[in-house]
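K.L.:
Here's the letter readout for the chains.
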Amino acid sequence: MKQLLKQKNVLFKLGLIICGLWILIAIFSPVITPQDPLAQNVANRFQAPSVANWFGTDELGRDVFSRVLLGSRVSITAGLVTVCITIFLGIIYGGIAGYVGGVIDDIMMRLSELVSSFPPLILAMVIAAALGPSIFNSVFAMTIIWWPNYARLMRSMVITLKENEYIVASRTLGASHLRILIREILPNSIGPLFVMATLDIGNAILTFAGLSFLGLGTQPPTPEWGSMVADGVNNMNYWWISTFPGISIFLMSIGANFIGDGLRDYLDPKLLKE
Amino acid sequence: MGNMVKYLMRRLLLVLFLLIGVSLLVFLISHLVPSDPVAANMSTQAMSDPEAVEVYKAKWGLDKPLYQQYGIYLKNLLQGDLGTSIRTGNPVIEDLKQFFPATLELSVFAMIIAIVFGILFGVISAVHRDKPLDYIFRTVSIAGVSVPNFWFALLMLFLFYAQWGIFPGGGRVGSRTATPSGGTGLYILDGITSGNWSLVGEAFFHLLLPALVLGFFTMGLIARQTRSNLLEVTSMDYIRTAKAKGLPAGKVISRHALGNALIPVITVMGMGFCNLLGGMVFVEKIFSWPGIGQYAYLSATTLDFPAICGVSLLIAVIYVVINLIIDILYGVIDPRVRYN
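Residue numbers (our numbering), protein chains in the order written: chain A, 14 to 287; chain B, 88 to 427.
Everything labelled a hint here was simulated from the structure, so no lab data went into it.
Keep in mind that the hints are not guaranteed to be accurate.
As the list claims (entries may be wrong) - If we take Cβ atoms under 8 Å as the criterion, some of the chain B residues that face chain A in the derived model are: (1) Pro235; (2) Ala387; (3) Thr388.
As the list claims (entries may be wrong) - Below, in silico cross-link-like pairs of lysine-lysine (DSBU-like), each with a Cα-Cα straight-line distance of 35 Å or less: (4) B:Lys93 <-> A:Lys175; (5) B:Lys218 <-> A:Lys26; (6) B:Lys184 <-> B:Lys151; (7) B:Lys162 <-> B:Lys184; (8) B:Lys372 <-> B:Lys162; (9) B:Lys162 <-> B:Lys93.
Small disclaimer: the values here were computed from a predicted structure and weren't measured.
Even for Gly, the Cβ is constructed at its ideal location relative to N, Cα and C.
Can you build the whole structure from these sequences, using the hints too?
P.N.:
What follows is the structure in structure tokens.
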């Protein structure tokens, strides 16, 4: 980590700062919001950004700035949780498939291909619509469409790693399969999985916001960035309603991508010639 | 050549598996959702007629066990019968035929924008590695893959339509223009073939903004891939040789490095095109573009399973076709590639 920070990668550090700030905001948002994010004040609706309402007010007169701050909680958590669950599922599924091999591997991989042959966004929309729109269901839908990527990566790592001599040695010493998977194979495959996950966080936040934008994620009155952008669709002349939550999604996602890029360049020996 | 034919045959087999897989998944989901398949697949009007209900039940084998139902479903599917959409009441295949040209036109334009600017930005970035110009274009391309396109679409519409009135506000042609009927449904192509140049101009004008928004993500993907490949290639010995014999830097890049660097970019183009189809849902919704993306969204949210299946199959097949084209392109561009 220290080595990573010593590198002359401005964008990577910028990404760390952006994401760090957003996570701090998400943690402390109930304390730092200047106004009640849920308090409606119809007399004060559609106010342009001012000293009283930094980001203006929406069609119900709620303070957009406070809602953007509190909205970070749902958006960031949903993105992180999705990636964590998918990486966990992928490690288990791909680990078993790659380690056991043979017919089981074949069946398991065909099953994962079945899921990934389906257009992801449509599948997510169908699942979220079938189960009823909610935060939980859209995270579930995203997990369903994403795990095959991690399963495939994990499987290919396991297949190359398990032929290594130190694994064979460990096996001869009497280590159980579970122990080999957890103590020998997992630590050696976590790097690429981690890079993939960091690059995916931005994507997960975008997708969740997208589902919410379509009305399939967060339900009102919970503030969430995607649904806040949707609030502005019918009130296009009041640009601030959707602009600020949109910028927030963008910043969080670009921050995560900066970090992912930095990690990948660092771990990819081909680009490290200088 | 024999290898090539074998390869194509295997790919066709894959399409068959894909059709089975996608339809099976839709079939399973539609049965996992607790609902009456008759009520879920027929309009209320059609359901009031008991005879129609019987015909429907017999056609889809609803009185038979589940695996037989799927068999019947698959048989109808292979005969080109995708069922009838509950929402629109039309045969799904007709709906797809109606909405697909709009999506095709939009995605092709978005792809052209993405490829041209993606490669341009990627090359500029790589040539000026770690200089300010590199940081600017890298930020632009990372922004491409980070920007929520539904918000970007709104922003563009707000600025270029509501504020400045430079571009039209949505749709494929203006509201006063009669929608052209017949032809391919690709308005620009139809306009050119029939010599209707005002239609070409208008359709193009309406296309530009949504295509730009839609292509932005793929542009980012392509630019990033171009940059990293070009950097990798330029560190190779044959490039050093080219430099050593005194070739100007521009020529080294354009004649020697770029060709090889672009080979992997083709794969990303395929990925980008498929990504485009996902982004289509948002862009079409915001720009009121009457295409497959809107159709998919409306079908999914109303749980219109015949339509969902049809649209998913269409996209899955496009996906396979694109990947096939890319694999063939690989062979054409890079003689080292062999199909086996």
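K.L.:
Return the numbers of the hints above that this structure violates; sort them in rising order.
P.N.:
Those not satisfied: there are none.
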